[in-house]
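A.B. asks: If you want the building blocks of each chain, they are given just below.
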Amino acid sequence: MSRLIARFDVDYPSFHLSVSLDVPTSGITVLFGPSGSGKTTLLRCLAGLERACDGFMQFGNDVWQDEAKGLCLPLHARPIGYVFQEPRLFPHYSVHSNLLYGYKRIPVEERRISIEQVVIILGIGHLLDRRIHKLSGGEQQRVAIGRALLTSPKLLLMDEPLTSLDIQRKQEILPFIQRLHEELHIPVIYVSHAISEILQLADRVVILKQGKLVGAGSLNEVLTCLEYRRSFGSLRVGAVLDARVASHEPQYGLTQLEFKGQFLFVPLQPVAIGQPVRVHILSSDVSLVVGRTNSPTSVLNILEATILEIREMDQSSVDVLLDIGAPLVASITRKSLANLGLKPDQLVFAHIKAVALNEELTE
Amino acid sequence: MADIDLRALWVTLRLAAMTVVVLLIVGTPLAWWLAHTRSRFRPILEAVVALPIVLPPTVLGFYILVALGPYGPLGRLMNFTLAFTFTGLVIASVFYSMPFVIQPLQGAFEAAGKAPLEAAWSLRASKLDAFLTVISPIALRGYLSAVVLGFAHTMGEFGVVLMVGGSIPGQTKVLSTTIYDHVETMEFAQAHAISAFMLVFSFLVLLGVYVANRRFPIHVS
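Top line first, the protein sequences correspond to chains A and B. By our numbering, the letter at position 229 of the first sequence is numbered 229, and the numbering carries on one by one without gaps. By our numbering, the letter at position 195 of the second sequence is numbered 195, and the numbering carries on one by one without gaps.
To be clear, the hints were calculated from the coordinates, so they are not data collected in a lab. A hint or two may mislead.
A partial selection of chain A residues facing chain B, derived with a Cβ cut-off under 7 Å [stated by the list, open to error]: (1) Tyr82; (2) Phe90; (3) Tyr101.
For clarity, every value in this text was computed on a predicted model and none was experimentally measured. Where a beta carbon is used, it is the ideal one built from N, C-alpha and C, also for glycine.
Please model the complete structure; the sequences and the hints are all you need to start from.
C.D. replies: So this is what it looks like as structure tokens:
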């Protein structure tokens with residue numbers, strides 16, 4: 001499988017970035033970390049906008065930077081699309097001319113993405129003749145994404161493209177980003193510090209802290225790793241599961257989802273049977289029961305689980321990492337832990353009180 | 001206007017135009033460097049560029065005369081002099097009007113910032129391409145100011161011309177020195193005519209710039 005390999009060591013007066021990266025060149029990789037952790041700097045290094053004096057970067061079989069050989073391609077010579085935090089549209093051109101700026105500059109035979117495609121995916125057909133300053137922030141950012149896509153990039157870098165937008169605009173653009181990766185098969189490296197964006201977009205997460213890489217893995221691996229969980233702030237996600245719609249029960253207003261042989265009920269979804277949906281479960285919505293009690297319960301979602309790891313989070317609570325066919329974290333009190341006598345390898349039942357779909361998530 | 005005055009007008013316009021062209025070519029990279037460098041030498045260079053604003057034109061003219069004259073480095077090495085020639089006058093004017101071209105350009109480049117440039121690079125534009133198609137249109141207002149101020153300032157120079165160019169009709173005699181000659185010989189009518197012409201001309205040029213700025217604002221979000 002083709003990979004992106006990069007090593008950068010850069011010294012700034014108040015900051016030191018020292019990162020070694022190795023990720024597949026597919027899907028959406030999110031660079032996550034608090035502000036000042038070096039996410040944007042790393043992205044700029046990948047683009048060649050910052051130059052590490054002993055940097056190295058290889059995309060698939062193409063080496064873009066190898067300072068040992070004195071090689072560093074400038075940004076305009078790399079097949080990269082870059083979406084900045086601000087749209088950075090050219091104010092002296094119309095929307096249409098902005099879109100065409102990069103398109104005109106690539107050889108005809110390299111044009112894999114057409115203007116019509118981009119206009120449809122991003123829903124910007126009605127904006128083409130407008131002037132830039134007449135667009136809203138969300139519209140501008142969509143045009144900026146379209147402009148980058150029209151260079152038919154082999155790699156798309158996005159630097160918190162949604163930070164300057166309100167929640168409604170964010171929800172308007174997020175599906176577009178998902179679609180462009182699904183429909184155009186362009187790998188994306190996406191900088192974010194918003195957990196909601198990660199849950200919705202990420203296939204893979206790289207965690208940065210103070211210029212260093214502290215962890216990397218698939219979304220669910222990273223979210224359920226007890227060591228990384230503090231990085232994600234107050235929103236404690238217990239699991240993100242890529243499930244499929246198994247059946248609908250309209251008389252009860254429910255949809256049943258299936259993943260790895262286990263089933264979950266969620267409120268009725270307008271999604272066809274067999275279609276994929278991404279759901280997440282908050283760790284505080286998971287409670288644990290030892291043995292299957294005979295007394296009936298109102299909880300619909302009860303999953304068999306094996307305890308893998310237990311870790312104290314603060315004075316009163318512990319996180320319990322479970323295996324339900326996929327990792328799932330439950331946050332329980334220390335008192336419950338002691339009362340139940342939970343320990344690794346034990347079989348328990350996880351009662352899940354709520355399952356959320358992505359659209360419902362807000363920070 | 002008398003024939004001699006028309007010739008002075010022609011010399012003046014040619015001098016101002018040449019000076020602005022040279023300054024735009026030399027000044028663009030210099031202003032760009034000043035706008036974006038983090039070098040320690042930047043303040044030194046900025047001070048040098050601004051010197052002609054405060055320096056008496058005769059001081060500047062004196063040094064240029066010494067440098068370009070028969071005993072200057074040029075004269076000694078190659079045995080020729082640019083003093084009292086039109087070319088010498090252009091060189092002197094380039095120094096004299098430099099701040100009036102460099103400073104508006106530098107300001108415009110600083111205002112444009114690096115952000116649009118990086119965006120253009122990410123869209124496959126080479127450095128020169130990005131500069132020509134993105135930065136220079138955004139900095140258009142700066143260019144307009146630079147051209148107008150550089151041109152008008154060169155037209156109005158007197159002390160430097162006197163030192164470096166002398167007053168050779170058709171070659172180095174410009175309008176400002178012509179006015180001086182007319183006054184010296186008590187030809188007040190001619191002095192009035194040229195002075196009034198320069199007053200009206202300068203006013204109209206500046207008016208044109210301000211009207212253009214207002215009528216065709218450049219939107220930079």
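A.B. asks: Evaluate each hint against the coordinates.
C.D. replies: For each hint, the structure was consulted:
1. Tyr82: Cβ of Tyr82/A sits 4 Å from chain B, so the hint holds.
2. Phe90: holds, 6 Å
3. Tyr101: Because about 5 Å separates Tyr101/A from the closest Cβ in chain B, which is inside the 7 Å limit, the hint holds.
Every hint from the earlier list agrees with this structure, and none is contradicted.
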